[in-house]
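Following the hints, complete the assembly by docking chain Y onto the known chain P.
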Amino acid sequence: MPLTMPLPEPAILSRRDEIVARLREILPPAHVIADETARRAYECDALAMYRALPLVVALPETVAEVSAIMALAAELNVKIVPRGAGTSLSGGALPLEDGILLGMAKFNRILEVDFENRCARVQPGVQNLAITRAVEHAGFYYAPDPSSQIACTIGGNVGENAGGVHCLKYGLTTNNILGLEIVLMGGEVLRLGGKHLDSEMYDLLGLMTGSEGLLGVVTEVTVRLLQKPLTARGLLLPFPSVEAGARCVGAIIARGIIPGGLEMMDQATIGAVESFQPCGYPLNAGAIVIVELDGTPAEVDHLVAVVEGIARAEGAMETRVSQSEAERLRFWAGRKNAFPAVSCIGPDYLCMDGTIPRRRLPDVLTRMDRLAKACGLRVANVFHAGDGNLHPLILYDASKDGDIERAEQLGADILRLCVEVGGVLTGEHGVGVEKRDLMGEMFDETDLSQQQRVKCAFDPQHRLNPGKVFPTLHRCAELGAMHVQSGKLPFPNLPRF
Amino acid sequence: MTPSPRDETDVRDAIRDALAAETPLAIRGHGSKAGLGRAAAPAQILSLAALSGVTLYEPEELVLTARAGTPLREIVALLDAHRQQLAFEPMDHALLLGGARDDATIGGVVAVNASGPRRIKAGAARDHLLGFRCVTGRGEIVKSGGRVMKNVTGYDLSKLVAGSYGTLAVLTETTFKVLPQAETEQTLLLSGLGEEKGLAALRKASGSPYEVSSLAFDPRENIAALRLEGPEISVVKRRDDLVALLAPLGAAAQTLEAESSRAFWMRLRDGEPVAAGEGVVWRISLAPSDGFTFVESLRRNGAPLLAHVYDWAGGLVWLRLEAAPDAHAGAIRAVVDRLGGHATLIRADEATRATVDVFHPQPAALAALTRRVKDAFDPLHILERGRMRADF
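Top to bottom, those sequences are chains P and Y. Under the working numbering, the first residue of the first sequence is numbered 1, with each subsequent residue one higher. Under the working numbering, the first residue of the second sequence is numbered 1, with each subsequent residue one higher.
Treat the hints with caution; some may be incorrect.
Capping the alpha-carbon separation at 16 Å, the derived lysine to aspartate or glutamate pairs in EDC-like fashion look like this [to be verified]:
1) Lys177(Y) with Glu58(Y)
2) Lys400(P) with Asp348(P)
3) Lys106(P) with Glu220(P)
4) Lys106(P) with Glu61(P)
5) Lys143(Y) with Glu441(P)
6) Lys237(Y) with Glu257(Y)
7) Lys143(Y) with Asp447(P)
8) Lys336(P) with Asp145(P)
9) Lys143(Y) with Glu445(P)
10) Lys373(P) with Asp403(P)
11) Lys197(Y) with Glu116(P)
12) Lys197(Y) with Glu221(Y)
13) Lys373(P) with Asp413(P)
14) Lys143(Y) with Asp444(P)
15) Lys237(Y) with Asp301(P)
16) Lys204(Y) with Asp114(P)
17) Lys228(P) with Glu325(P)
18) Lys204(Y) with Glu116(P)
It should be emphasised that the hints constitute simulated quantities derived from the structure, not laboratory data.
With the rest of the complex left out, here is chain P (with noise of 0.2 Å):
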């Protein structure tokens, strides 16, 4: 699958001189990186495979040089793509030779905790771990968990809705963010929401959640903060099989509970994470499934004897009760250090991310395995179980000639079988370039047409992170028209924009 960005534009990589003049009258000249190795720092995010040298870095302080910056791209035409900490796994911050990028570091304040609201008012910048490092002494914390969330910042987390292993149920960002400043091309500044819940009209805070830096530039989130469980304790339960571990996660949820964390891990990724840094799981054991339950300690220990007798009778090796929370952070001491665990058993690995109807899991395990086996690679698996995301990693040697051309291939076809089984291309990683030009297997030219013209609406010269999610660029006059039938175009009177 080659991938391809727009090609910079020469008019625009010839004015190069004149765009660092013009954010230099804008920004204090420290704030804006021309000089190439400086830049060189900028060229990737996580995903870095895919690389590209900015045309310039503008690191802004203030809403006002933000609103500047994005006026300033306006009229001189060029893109801009915003960027947090980077650690985007798509692609989404992936820089432009032609555009500007928007790095948002320096706004790293919290500016306001109000805990009688229940709420913080944060910049973009702040780390994702920080706000609830903020808030913990009170008892408080705020809900998304990304496995990245020591490093990525909140402003990023808005822009791929990020999840993490609490979100079965404490929900994804978008349910757990109140209000955004933000400022769309053109320089506008808008607020979005607020302390109060669900204003009406449009819901444009819960649009921009998860639309990868396509619509605008985030300047400020207020985020919801929820009071600690009391307690919280872990199950480890190993099972002969990953069917058998599907069946006993199945089983939990029938049963009307819902864990604050319910993961499971294949045999390979249990061998690998046992020769990484040894926690205690059993290397005999087809599949490990982690629970944890949290809440009042009278619930938790009710909660704790029926998922046990769950486990027991679906099949489970044994059965491992966390009695202290070093234990319980131990059991998942494994699983937080499965990625990097993962990349000690091949020399690279590609991390895939699609979600799947749950009780498909043993079926798409089987399919998958086969796939990879076609093509020689291996794979090892992590899922957040509980909502069927899986992050399927593909081992290969980018030092083999075509193994990361085929890692790709096998890549792009678990994301397909996702799909036909009633899943998604992306559960939490977002679309980004990565999975761009898979967009056609979940959504036909209609549907990407309608969520190209809602790019429009806030974007029209499509300035702002182009070249990502969608697998063409449209122009919006061309949205604006209607599709022709049977050789006649059936409303001439609907406006062409």
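Below, chain Y without anything else, positioned relative to chain P:
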């Protein structure tokens, strides 16, 4: 003639006919929410009542798909049989707007983003809509989202159509995340605290780790109400802990057991405390700590307040006031704008709803963007013209 499409293609044809003739369409299920929103010019009715039926329900996957005209009561009965629920507990507008009880359709629930007291913990209707199919105002069949819990593939258009009052597209099919029903519930009632102290107690409880799922204050009876849901053993323990936490306030505590608790929250959900009697009804969303300040400001300014009640720990205020030509929009919105929030006129006569902004006015740049989003789906303003705003 009212078109009564039986499937999605019929809906598309009806919209294409309307486009060709430039006839605005008003979208109706059973009409239980016809009185909500601006009073718009007459339009041809597009009835979705025949587009009915649950097309997919997988209890173990927590997912349900239904055609837009499916009666809500049918869905609730089906979920009940599996001890599951729509956790956002959609409100029933019949007490406020008239009409038969239990007569909503699922499409209407989505169209107005109807949520109830549990919204503060469980989320709104829009948070539970996983995906949908629709016909846009351009006469095109479009799908968005999916049927799985975690999905970030493309824009989240579910958020956009939920609460859009049918102005963007005609929903044909909706897919929801459903959740298990709680094993049981209880409501702790604290009486005699007064409004200000009662609301402070609610905020203290909402910041406690006892997972209170609904928090209301009813001034008629001077009662603060706190709902606890879950396994019996846990509910009882959490109620006792809450009583201990709030004991220093010196209120008299009483418990509503499961059945009375459910009935209490259903009455609140449907606006019963403000529904009966003459007058206009408003629904105000603001930061919980501003609820009391808002009502006090109105009182100080001499607004003719007839009844009010606080939900969402003070973050949602229902008000009934004596009728007035502007329905007191100016006075209410002046306070809301100062505090930050949103005021929606829910009940008033047609003449008032045709002249007063029913939805909170937006700043110019946001209004312009909103209009561009409308145009992206429905450039000729064929769907629900004038229902949300006078200019579309």
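Hint check:
no.	hint	verdict
1	Lys177(Y) with Glu58(Y)	holds (10 Å)
2	Lys400(P) with Asp348(P)	holds (11 Å)
3	Lys106(P) with Glu220(P)	holds (12 Å)
4	Lys106(P) with Glu61(P)	holds (5 Å)
5	Lys143(Y) with Glu441(P)	holds (13 Å)
6	Lys237(Y) with Glu257(Y)	holds (14 Å)
7	Lys143(Y) with Asp447(P)	holds (6 Å)
8	Lys336(P) with Asp145(P)	holds (12 Å)
9	Lys143(Y) with Glu445(P)	holds (11 Å)
10	Lys373(P) with Asp403(P)	holds (14 Å)
11	Lys197(Y) with Glu116(P)	holds (14 Å)
12	Lys197(Y) with Glu221(Y)	holds (14 Å)
13	Lys373(P) with Asp413(P)	holds (13 Å)
14	Lys143(Y) with Asp444(P)	holds (9 Å)
15	Lys237(Y) with Asp301(P)	holds (13 Å)
16	Lys204(Y) with Asp114(P)	holds (13 Å)
17	Lys228(P) with Glu325(P)	holds (14 Å)
18	Lys204(Y) with Glu116(P)	holds (7 Å)
Violated hints: none; the structure is consistent with every hint.
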